[in-house]
Amino acid sequence: MRFQIPARPSESGLPAYRPIPVKQSVHCPGGNIVTSSLNLGCLNSSIPGIWEIRSMMKTEKPSLTSGIRAEFVPAELPDKMLLTVHLDLKGAPPNLLYLKSLLPKMAAAGCDSLLIEYEDMFPYKGKLVNLSATNHYSPAQVRELIEMIAQVMRFHRNSPYLHIGCDEVFHLNLCSKCRQRALSSRALFEEHVIRLAKWLKERYPDVQPIIWDDMMRKWPAEDIINTRLAAHVVPMVWDYTSDVKYVQRIWWLYAKAFPKIWVAGAFKGAGEPRSDFPHIERRLANHKSWLELIHTSKTSHKVSGLALTGWSRFDHFAVLCELLPVAIPSLFLNLLYVKAHLGGETSHKQQLIYREWQHSLGCPGRIIPGNMNSIEGRNALMECIWPGVDLYRSLAAYRELKSEVKKIEHIISERQGYLTRYNAIHNFTNPKRVMEIMVERGVQSTLRQLEKLNEDIFRQLVWYTDDFTAKEWIEDRILPLTSSLLSLNALTDALLARRDWPRRPLETNIPLYG
1 MRFQIPARPS ESGLPAYRPI PVKQSVHCPG GNIVTSSLNL GCLNSSIPGI
51 WEIRSMMKTE KPSLTSGIRA EFVPAELPDK MLLTVHLDLK GAPPNLLYLK
101 SLLPKMAAAG CDSLLIEYED MFPYKGKLVN LSATNHYSPA QVRELIEMIA
151 QVMRFHRNSP YLHIGCDEVF HLNLCSKCRQ RALSSRALFE EHVIRLAKWL
201 KERYPDVQPI IWDDMMRKWP AEDIINTRLA AHVVPMVWDY TSDVKYVQRI
251 WWLYAKAFPK IWVAGAFKGA GEPRSDFPHI ERRLANHKSW LELIHTSKTS
301 HKVSGLALTG WSRFDHFAVL CELLPVAIPS LFLNLLYVKA HLGGETSHKQ
351 QLIYREWQHS LGCPGRIIPG NMNSIEGRNA LMECIWPGVD LYRSLAAYRE
401 LKSEVKKIEH IISERQGYLT RYNAIHNFTN PKRVMEIMVE RGVQSTLRQL
451 EKLNEDIFRQ LVWYTDDFTA KEWIEDRILP LTSSLLSLNA LTDALLARRD
501 WPRRPLETNI PLYG
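Read left to right, the sequence shown gives residues 1 to 514 (UniProt numbering).
None of these hints come from the bench; they were simulated from the model.
Ideal Cβ placement from N, Cα and C applies to all residues, glycine included.
Using C-beta positions, here's what the derived DEER-type ranges look like:
#, residue 1, residue 2, range
1, D467, W501, 47 to 55 Å
2, D167, P205, 22 to 30 Å
3, R448, G365, 28 to 36 Å
4, A318, H171, 12 to 20 Å
5, S185, S487, 48 to 56 Å
6, K471, K100, 21 to 29 Å
7, K245, H301, 19 to 27 Å
Here are the computed lysine-lysine pairs in the DSBU-like style, where the Cα-Cα straight-line distance is at most 35 Å:
#, residue 1, residue 2
8, K198, K177
9, K245, K198
10, K198, K302
11, K100, K260
12, K100, K402
13, K256, K302
14, K452, K407
15, K349, K80
16, K90, K406
17, K256, K288
18, K402, K105
19, K218, K201
20, K256, K245
21, K288, K105
22, K100, K339
23, K260, K302
24, K218, K260
25, K288, K260
26, K339, K245
27, K100, K288
28, K471, K406
29, K349, K288
30, K80, K245
31, K260, K201
32, K177, K260
33, K218, K298
34, K198, K218
Throw the hints in and build the complete structure from the sequences for me.
Structure (structure tokens):
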């Protein structure tokens, strides 16, 4: 039995990923933008909702390949707190057909804006066409960064926000040029961010820059309150824990220093780097805690928006974490909860939220959110018909097969004495016992199930995202399991092929110490 990544499915199977003509593409409604070096994105400032706003925008849309008109007409800043969904495109970028089907459902759940993190997914052209994850910065590319921002801003002409990143600047004030200036890391950070913010304001005077807040958290209280950044940027305060009490001190300082603040929780991508499903209870607790802090601190008038982040990787070098389609239950529940509780929590609202959540997922029966990470909870979700449930079911099957493979590995290496490393090195074992182990543990059956699942998940993934993502996920998740069982098959074949065995003790050439 040979395993490989399947070829692209034919039209007779699930629809394959294919480029969508520009006229069919989903444009970021209202288009507020976000960028951090290569991290670029957009926010919609529409109050009516993501889907409805399309009819309110100018009908002429620039082609990604034709000349982009230079004029920039930003939307007015809204007078209410925005409920924003973050789409992280540096991992598993959604197929536009899937995204198009998802946007109205997100809007119905309460989403009125998008934060799209392009990173290397934005369709740069001209000198920037080769900007990608494999490119490193050169002096020429640093100069091109200015043109890169200009292209994105021209594309999203209605954007009142630009997120310029600035999180986790680990190598600040380490190079010789910075040290020669004899400035503190705080002063260097402020100087750089202010210079960039001023540059943006000169070209886009109605656009408000946003930055992540974490580089300011360790500053002395006096430095935060008196920071010059307050006149130039808005901080987005992120915390993805179940209890955000640890940001309370810094929250009060930000509220004193900045006219406006953004908040960021997470509906996925905040658990483990290789998580398959978001922990729905913890994701909900995260947003509950944020709302409690905002209400109890009486700072809601300071908050411009709350972003539900959905990270695809922990960073650019990490493998994929939770995929967007399987995180839809978490996304919808958190959207509905935040939308309903912006004015405070009541038990009456709680029951309405759960009923609306079940309806949004197309669930035939009652589901208890506090039970979602149990087998019973996942089985209940698999009975629903939300956009992504087929992949959710397949990933649940993958988790079961992964558990079975790990059990086989454990029994063979820890409990049985016939297929160990010692047996393999010396080609010395009891064939009868080997056959019993292989049959008892159902190794061949598990391999066949993995082969079928391998094909099913690939077909599903290329409906929701692209080939590269599908192949990466399979290589990272499924192929190690099949490789383990295929290696066990090969070892078994070698051991069973032997017809004579030496007398004990067996000779060893391994050096022994002690």
